[in-house]
Each structure stands twice: as C-alpha cells, then as structure tokens.
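> Chain residues, written in single-letter form:
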Amino acid sequence: MLLRDPFTKALHDARRSLAGWAVAIVAVGSMYAAFWPTMRTPEMADALAAYPEGLLEAFNYSDLTSAAGYLGSAVYGLLVPLLVAVFAIAAGTRAVAGDEEAGTLDLVLAHPVGRARLALLRFAAVAVGVVLVTALLGLALVALRGPAQLGDIDVGGFAAMTLHLALFGLAFAAGAYAAGAATGRRAVALGTGAGVAVLGFLANSVFPQVEGLAWAQRLSPFHWYLGGSPLVDGVQPVGVLLLLGSTVLLVAAGTAAFARRDVAV
Amino acid sequence: MAEPAIHTEGLVKTYGRNRGLTGLDLRVEPGEVYGFLGPNGAGKSTTIRLLLDLIRPTAGRVRVLGADPRRDGVALRRRIGYLAGDFVVDGRQTARELLTYLGNLRGGVPRARVDALAARLDLDLGRPIRGLSKGNRQKVGVVQAFMHSPELLILDEPTSGLDPFLQHEFLAMVREARAEGRTVFMSSHVMSEVQQTADRVGIVRDGRMVTVARVEELRERAVRKVEVTFAEPVDAAEFAALPGVSEVTVAGTVLRCRLDGRADALVKAAAAHTAVGLLCEEPDLEELFFGYYSREEATRAVA
Chain V
17 MLLRDPFTKA LHDARRSLAG WAVAIVAVGS MYAAFWPTMR TPEMADALAA YPEGLLEAFN
77 YSDLTSAAGY LGSAVYGLLV PLLVAVFAIA AGTRAVAGDE EAGTLDLVLA HPVGRARLAL
137 LRFAAVAVGV VLVTALLGLA LVALRGPAQL GDIDVGGFAA MTLHLALFGL AFAAGAYAAG
197 AATGRRAVAL GTGAGVAVLG FLANSVFPQV EGLAWAQRLS PFHWYLGGSP LVDGVQPVGV
257 LLLLGSTVLL VAAGTAAFAR RDVAV
Chain H
62 MAEPAIHTEG LVKTYGRNRG LTGLDLRVEP GEVYGFLGPN GAGKSTTIRL LLDLIRPTAG
122 RVRVLGADPR RDGVALRRRI GYLAGDFVVD GRQTARELLT YLGNLRGGVP RARVDALAAR
182 LDLDLGRPIR GLSKGNRQKV GVVQAFMHSP ELLILDEPTS GLDPFLQHEF LAMVREARAE
242 GRTVFMSSHV MSEVQQTADR VGIVRDGRMV TVARVEELRE RAVRKVEVTF AEPVDAAEFA
302 ALPGVSEVTV AGTVLRCRLD GRADALVKAA AAHTAVGLLC EEPDLEELFF GYYSREEATR
362 AVA
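Residue numbers (this note's numbering), protein chains in the order written: chain V, 17 to 281; chain H, 62 to 364.
Hints in this document: simulated from the structure, not taken from any laboratory.
Since the structure is predicted, the reported quantities are computational estimates derived from the model, not experimental observations.
Keep in mind that the hints are not guaranteed to be accurate.
What the hints assert, rightly or not - Quick look at which bits of chain V chain H covers, simulated, 3 or more residues with Cβ under 8 Å:
no., segment
1, 21-32
2, 115-123
Unchecked claim - If you want the ones that stay clear, here's a sample from chain V, every Cβ over 12 Å from chain H, calculated:
no., residue
3, H127
4, P128
5, V129
6, G130
7, A140
8, T199
9, G243
We put the beta carbon where it would ideally sit given N, CA and C, even for glycine.
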C-alpha cells in the first residue's frame with residue numbers, strides 16, 4: 017500500500033514527475049546514442065575537426081572516434097548529467113523545503129513522526145527515484161548496443177557508468193535536500209544545487225584550460241563522476257567514494273539541522 | 062488535582078527581534094474545554110506550535126499530557142489531534158487518500174470511523190482536495206483531527222471559514238469530546254466562537270496571559286439589558302438605587318435598565334408589583350472580553 021508511511025507516500029506523490037523524468041532522460045540518452053552510426057562517417061569527423069579543441073573540451077567532446085568516446089562525451093558527458101542534476105535538485109528541494117514553503121509540512125509533523133525520520137524517509141524516496149531513472153537509462157543503452165553499433169562497450173562498462181551517474185545524481189539531490197532542510201527555503205535549495213552544478217561543470221571542463229586553475233577539476237562532482245572513463249575502465253573507486261561520501265555528509269548535516277530548527281509557518 | 066493537560070510556565074519565544082511570547086503561563090485541566098482568546102498576533106499560534114514541537118521555546122517550560130513535546134514528541138503527538146485554521150494540503154490527492162495516509166502515520170484508523178465522520182459532516186471523500194471549497198477542505202481537517210479520538214484536541218481558530226451548519230456540528234463534536242473525558246484547547250480571536258462550548262477562557266495579549274475566567278463567571282459579571290413590563294406604571298426612583306442596576310428609564314408601564322451582575326435585587330423589587338413581561342438580553346461576552354483589554358491597557362498606562 018503506497019500510503020503506508022512517509023517513504024512510500026513520497027514515492028506515490030512523485031510518481032508522475034518520476035515517470036516524466038524517466039521518459040525524458042531515457043529518450044535524450046537513447047536518441048544521442050542512436051546518432052552514433054551517423055557520427056562514424058568521414059564527413060562528420062572532418063566537420064568536428066574544424067572546431068577549436070578548447071570548445072570541444074568545454075562540452076566534454078574529447079574523443080569522438082570510438083563508441084565509448086562518443087557516448088562518454090555526447091550522452092554521459094553533457095546532456096544526461098545536466099538533466100539528472102536538474103531532476104535530482106528538484107526532487108531534493110521538494111523533500112523538505114518545497115513542502116515547508118507550501119505550508120503542508122506542519123500537518124505531517126503534528127503527527128507521531130520524528131522529524132529526522134520523516135526527512136530521511138523522504139530523502140530515501142528521492143534516492144530510489146534517482147537510481148530508478150539512471151538504471152532505466154542504462155538498460156535502454158544496453159538494449160541499443162546492437163542497433164546503434166555500440167558493441168565495443170561491454171555491459172560491465174554500462175553498469176559502471178550507470179553507478180557513477182546514479183551517485184552523481186544522489187550527490188546533487190543531497191545538496192539540495194541539505195540546503196532546503198537546513199533553511200526551509202526553496203530558493204536556497206534550488207540555488208545551492210544549481211550553483212554547484214554550474215561551478216562544478218566549469219571546473220571540470222573549462223577551468224583546466226586556464227593555466228593555474230587545473231586543480232579546480234579535482235573538486236568538481238563532474239570530475240568525480242566522469243574522471244577515469246568508467247564506461248571503458250569500469251568503476252573508479254576514488255570518484256565513487258567522493259560522490260558517496262559527500263552524499264552521506266550532506267544528508268547527515270541537513271537532517272541534523274532540520275531536527276534542531278523551528279519549522280516555518 | 063490531576064496533572065494538567067497543558068502546562069506552561071514563563072514560556073518565551075523570540076523570533077529574530079519580534080517577541081512571539083513574553084512569558085506565558087497557561088494551565089489547562091484534563092477534561093475541560095479551554096478557549097484561548099486573543100487578537101491576531103497575540104501569540105496564539107506561536108503557543109500552539111510550541112505545544113506540537115514545530116518550534117522550540119527560547120525560555121520557559123512546556124508540558125503536554127505530562128510529557129515534554131521536545132523529548133517525547135512522537136509518543137505525545139499520537140495522543141493529540143491538531144487542526145489548523147487554514148488547513149493546507151497537497152490538492153492532487155483525494156480526501157480519502159490523505160486521511161488513509163494520516164491514519165497510517167497514527168498506526169491505522171478504522172475506515173468505518175472515517176466514513177462516519179465524513180457522513181456526519183457531509184463530506185465526499187472521493188474527490189481530489191483541490192476541487193473542494195474552503196469549507197469542505199476544512200471538513201477534511203476536522204475529520205483528521207477527530208478520527209483517532211485523541212486525548213487532547215488542539216484546535217487553532219477551527220471554525221473560521223465554516224458555514225453555520227458545520228459550525229454547529231463542529232461545536233457538537235467538541236461537546237461530545239468533552240463528554241468522553243477528552244481535553245479541548247481551542248484558540249480564537251472572537252469570543253462568540255468559544256463561549257458556547259468553553260468551560261474556561263484565557264485571554265492572551267502581547268505574548269502574555271492577561272486573564273483567565275470561567276465562562277459562567279463571565280456571564281455572571283456581564284452587563285445585561287433588562288426590560289420589565291408592569292401592569293401599572295412604576296416609579297423609576299424605586300429601582301435606580303438597587304445594587305447593580307443603572308440607567309433606569311420608565312416609559313409608562315415599561316421599565317428599562319442595565320443590570321451588572323446578579324439579578325436578585327432587581328427581581329425582588331419587581332416582584333412587589335405585577336410584572337406582565339420580562340425581557341433579559343443574553344450578555345455580550347465579547348464586550349466584556351474587550352473590557353478586559355481596555356482595563357488592562359489602563360492599568361499599564363497608570364503603572
């Protein structure tokens with residue numbers, strides 16, 4: 017029964033948005049993957065060679081000569097992580113701050129539910145959503161391996177990439193959740209998430225091209241997610257641990273702050 | 062005497078630079094209906110939010126049903142029903158879905174109980190909440206506050222937005238709750254909302270309790286307008302000197318006056334004549350209530 021507790025209720029309430037995001041992200045990922053056979057033509061290679069290298073790097077288009085390079089750039093390198101980040105930030109914001117600003121949090125908290133428990137169960141529902149959407153994308157791409165001529169990437173590569181993407185989404189969800197739980201403000205939660213996403217993206221793709229700013233890349237969640245090419249070389253323990261660690265820390269800090277503060281009217 | 066249902070001592074809540082509560086002493090006995098009165102901004106909602114542990118006190122002590130809302134909040138809130146004046150929920154769900162969920166948070170409420178309450182209030186549970194009128198939405202709030210038969214009902218301006226039929230039904234439910242030995246704590250900014258049901262009223266102003274009185278006593282103290290019709294003309298002077306009687310006017314056989322306090326002396330004096338009719342206006346407690354305010358202001362101005 018989906019109305020059993022705050023965890024299942026949050027999933028129940030998110031069902032439409034979850035379905036929408038799953039369709040959008042799977043569609044965008046599959047569409048780009050399906051372009052791969054046309055990207056292999058010499059004409060396309062020449063066209064891309066004409067672009068300045070810096071611009072291509074800025075969009076994570078580092079290697080477009082292999083299926084793994086193309087997927088890592090066009091699919092997993094740009095649009096998909098940005099979509100996943102937006103989806104995760106929106107969901108993380110809704111967990112506490114969105115509900116609080118709508119004035120609907122009071123009623124639930126006036127019931128026999130602990131504050132920390134409520135918040136954690138809601139984050140758990142967000143996490144399930146992020147994992148679900150990223151896993152569906154992974155499954156769709158595995159299914160497209162034959163038709164889209166992606167045969168030189170093995171299933172293990174997709175699994176590793178999916179794990180990285182899911183953890184990347186969780187970290188952004190945790191950031192928006194923590195900012196929202198600590199302040200109760202939707203705008204703060206959304207702004208924090210969006211700010212980290214933009215800075216993180218620049219730190220990973222643009223700053224390294226500026227002399228003296230290369231170190232910034234190592235602080236970027238985009239680097240933790242993409243660094244070491246999980247699609248080819250499998251799970252990257254350092255990236256996984258950094259993403260997982262920041263998620264756990266953010267969720268713990270946000271929940272602790274929420275349990276201690278006043279709930280807004 | 063048994064432990065109070067609600068007990069606060071020197072309760073202070075400061076929001077930034079605003080003083081929400083400035084030292085509230087409140088004592089609600091088990092089994093009574095307590096009207097918590099005050100103008101908007103006096104600290105009524107702040108008090109209620111403190112009782113439910115939605116906000117935390119700056120200073121002072123709070124006990125609800127013998128428990129600390131902060132430490133034993135979860136167990137405590139199982140025994141409380143809460144209704145906010147503006148009952149806001151996500152409108153995409155049906156009332157049935159919401160009530161099932163809220164019931165589950167409380168460990169399950171029999172469906173028959175929810176159905177009975179909904180039928181009593183004439184509420185359609187199957188429709189999405191966003192499609193309901195304000196009054197119908199408030200009914201959903203009433204059902205969720207009463208459905209688990211809580212020991213303590215905390216109602217924040219509960220009848221605002223209810224139509225007369227629903228107000229009547231709601232007040233009947235409050236009386237039944239009291240008859241079953243439950244405690245009701247009900248805030249309002251108008252006396253008329255609580256005077257029909259409350260045993261006692263506490264008047265809060267600027268974050269402090271100004272006065273607490275039994276409604277019966279208030280009624281006794283209240284000024285009534287009295288009109289007595291006699292068989293023959295009477296002399297105004299005969300009545301003007303009576304204790305508690307003022308503004309006596311006589312027009313032929315009809316005597317009009319204001320009566321402050323007990324009616325005994327006036328009735329006995331009237332009994333010396335042949336009284337044909339007696340009209341006694343129901344006291345306006347609202348007037349008395351605002352009387353307290355102005356008196357309080359005056360005392361403060363002197364001090």
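> Please check whether the beta-carbon of H127 (chain V) is more than 12 Å away from every beta-carbon in chain H.
The assertion about H127 (chain V) is violated, with a minimum of 4 Å to chain H.
> For the segment 21-32 of chain V, does the count of residues with a C-beta closer than 8 Å to a C-beta of chain H reach 3?
holds (count 4)
> Checking the smallest CB distance to chain H, is V129 (chain V) really beyond 12 Å?
At roughly 6 Å from the nearest Cβ of chain H, V129 (chain V) sits no farther out than 12 Å, so the non-interface label is violated.
> Checking a non-interface call: every C-beta of chain H should be farther than 12 Å from the C-beta of G243 (chain V). Is that right?
Nearest chain H Cβ is 40 Å from G243 (chain V), so the label holds.
> Verify that the Cβ of P128 (chain V) lies farther than 12 Å from every Cβ atom of chain H, and report whether the claim holds or is violated.
It is violated; P128 (chain V) is separated from chain H by about 4 Å at its closest Cβ, not greater than 12 Å.
> Residue count check for the segment 115-123 of chain V against chain H: does it reach three with CB-CB under 8 Å?
With 5 residues in contact (Cβ-Cβ under 8 Å with chain H), the coverage given for the segment 115-123 of chain V holds.
> Hey, does G130 (chain V) actually stay past 12 Å from chain H on C-beta?
About 5 Å separates G130 (chain V) from the closest Cβ of chain H, which leaves it inside 12 Å; violated.
> Is the Cβ of T199 (chain V) farther than 12 Å from every Cβ of chain H?
At roughly 14 Å from the nearest Cβ of chain H, T199 (chain V) sits farther out than 12 Å, so the non-interface label holds.
> Quick one: work out the minimum CB distance from A140 (chain V) to chain H and report holds if it exceeds 12 Å, violated otherwise.
holds, 16 Å
Going through the hint list in order, the structure does not satisfy hints 3, 4, 5, 6.
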